[in-house]
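Peer 1: Sequence:
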Amino acid sequence: MEKILLEFVNTLDSLFKKLQEEAGSRSGVLGLTISQFQYIDAIYQLGEPTITEIATYLGITKASVTAGINNLSKRGYITKTQSPQDKRVFRVSLTQTGMRLINAKYQALKEYGEFISAALTQEEARQFQSIITKLVKVFKQT
Numbered sequence: 001m002e003k004i005l006l007e008f009v010n011t012l013d014s015l016f017k018k019l020q021e022e023a024g025s026r027s028g029v030l031g032l033t034i035s036q037f038q039y040i041d042a043i044y045q046l047g048e049p050t051i052t053e054i055a056t057y058l059g060i061t062k063a064s065v066t067a068g069i070n071n072l073s074k075r076g077y078i079t080k081t082q083s084p085q086d087k088r089v090f091r092v093s094l095t096q097t098g099m100r101l102i103n104a105k106y107q108a109l110k111e112y113g114e115f116i117s118a119a120l121t122q123e124e125a126r127q128f129q130s131i132i133t134k135l136v137k138v139f140k141q142t
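The UniProt record's numbering numbers the first residue of the sequence shown as 1 and each following residue consecutively.
For the record, the hints were derived by calculation from the structure and aren't laboratory data. Keep in mind that the hints are not guaranteed to be accurate.
Claimed, not checked - Between beta-carbon pairs, the in silico distance windows are:
1. K3 x K74: 38 to 46 Å
2. G31 x V138: 29 to 37 Å
3. K80 x A119: 37 to 45 Å
4. L120 x A67: 36 to 44 Å
5. Q82 x E123: 49 to 57 Å
6. Y106 x N10: 21 to 29 Å
7. Y112 x R88: 39 to 47 Å
What the hints assert, rightly or not - Here are the simulated lysine-lysine pairs, DSSO-like style, with alpha carbons at most 27 Å apart:
8. K87 x K62
9. K134 x K3
10. K110 x K140
11. K17 x K134
12. K17 x K110
13. K110 x K18
14. K140 x K62
15. K87 x K110
16. K110 x K134
17. K140 x K17
18. K3 x K137
19. K80 x K62
20. K3 x K140
21. K17 x K3
22. K137 x K18
23. K140 x K18
24. K62 x K74
25. K17 x K62
26. K18 x K134
27. K62 x K110
28. K74 x K17
29. K3 x K18
30. K137 x K17
31. K74 x K87
32. K18 x K74
Just so it is clear, CB atoms sit at the ideal spot from N, CA and C, and this is done for glycine as well.
Could you build all of it, start to finish, from the sequences and the hints given here?
Peer 2: The following block contains the structure:
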């Protein structure tokens, strides 16, 4: 079991990297790191978050997020808007370029999902969904 699990995890890792490359290629956005993809996805998931909200969501320091966000802002993927109520707070949102990347990512994810579904019978798909749901819960707790 351990050998097949290791192979599965390695395959998922390779597919994740390929997915990012495909999303970057489809959107015309190339050369982003995994961390930069994570920041962009976190911003998409959270709406218009603050640096603190992104750091909490990703489980990393505010300093790391600030550096990553500043880099993405310079590259045109995100914008920072100062809060009128509290000048110390900035909200972060995706630009059109950032949204193109997100749209390409989710299109590629959909295609991977369809690929998996086509490889399984209905019963296997039901079991797989049950197992994946359980694993996602466990992963979110760590």
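Peer 1: Determine for every hint whether it applies to the structure shown.
Peer 2: Okay, the hints, checked on the actual structure:
1. K3 x K74: 38 to 46 Å: Holds, since K3 and K74 (Cβ atoms, about 44 Å apart) stay within the stated range.
2. G31 x V138: 29 to 37 Å: Given a distance of about 33 Å, which is inside 29 to 37 Å, the answer is holds.
3. K80 x A119: 37 to 45 Å: With Cβ atoms ~43 Å apart, the hint holds.
4. L120 x A67: 36 to 44 Å: holds (42 Å)
5. Q82 x E123: 49 to 57 Å: 54 Å Cβ-Cβ, so the 49 to 57 Å window holds.
6. Y106 x N10: 21 to 29 Å: holds (24 Å)
7. Y112 x R88: 39 to 47 Å: Holds, at about 41 Å.
8. K87 x K62: holds (17 Å)
9. K134 x K3: OK: K134 and K3 at ~21 Å, within 27 Å.
10. K110 x K140: At roughly 21 Å apart (the allowed maximum being 27 Å), K140 and K110 satisfy the hint.
11. K17 x K134: Holds - the C-alpha atoms of K134 and K17 are around 24 Å apart, at most 27 Å.
12. K17 x K110: holds (16 Å)
13. K110 x K18: Since the Cα atoms of K110 and K18 sit roughly 14 Å apart, the hinted pair holds (cutoff 27 Å).
14. K140 x K62: holds (20 Å)
15. K87 x K110: violated (40 Å)
16. K110 x K134: holds (20 Å)
17. K140 x K17: Given pair K140, K17 holds - Cα atoms ~21 Å apart, limit 27 Å.
18. K3 x K137: Answer holds: K3 to K137 is near 23 Å, not above 27 Å.
19. K80 x K62: holds (15 Å)
20. K3 x K140: Given that 27 Å is the threshold and the Cα spacing comes to 24 Å, the pair holds.
21. K17 x K3: Holds. K17 to K3 sits at ~21 Å (cutoff 27 Å).
22. K137 x K18: holds (25 Å)
23. K140 x K18: Holds, at roughly 23 Å.
24. K62 x K74: Distance ~18 Å between K62 and K74 Cα, so the pair holds.
25. K17 x K62: holds (25 Å)
26. K18 x K134: holds (25 Å)
27. K62 x K110: violated (32 Å)
28. K74 x K17: holds (24 Å)
29. K3 x K18: holds (23 Å)
30. K137 x K17: holds (23 Å)
31. K74 x K87: Since the Cα atoms of K74 and K87 sit roughly 21 Å apart, the hinted pair holds (cutoff 27 Å).
32. K18 x K74: Status holds; Cα separation ~25 Å.
When the structure is compared with the earlier hints, violations turn up for hints 15, 27 and for no others.
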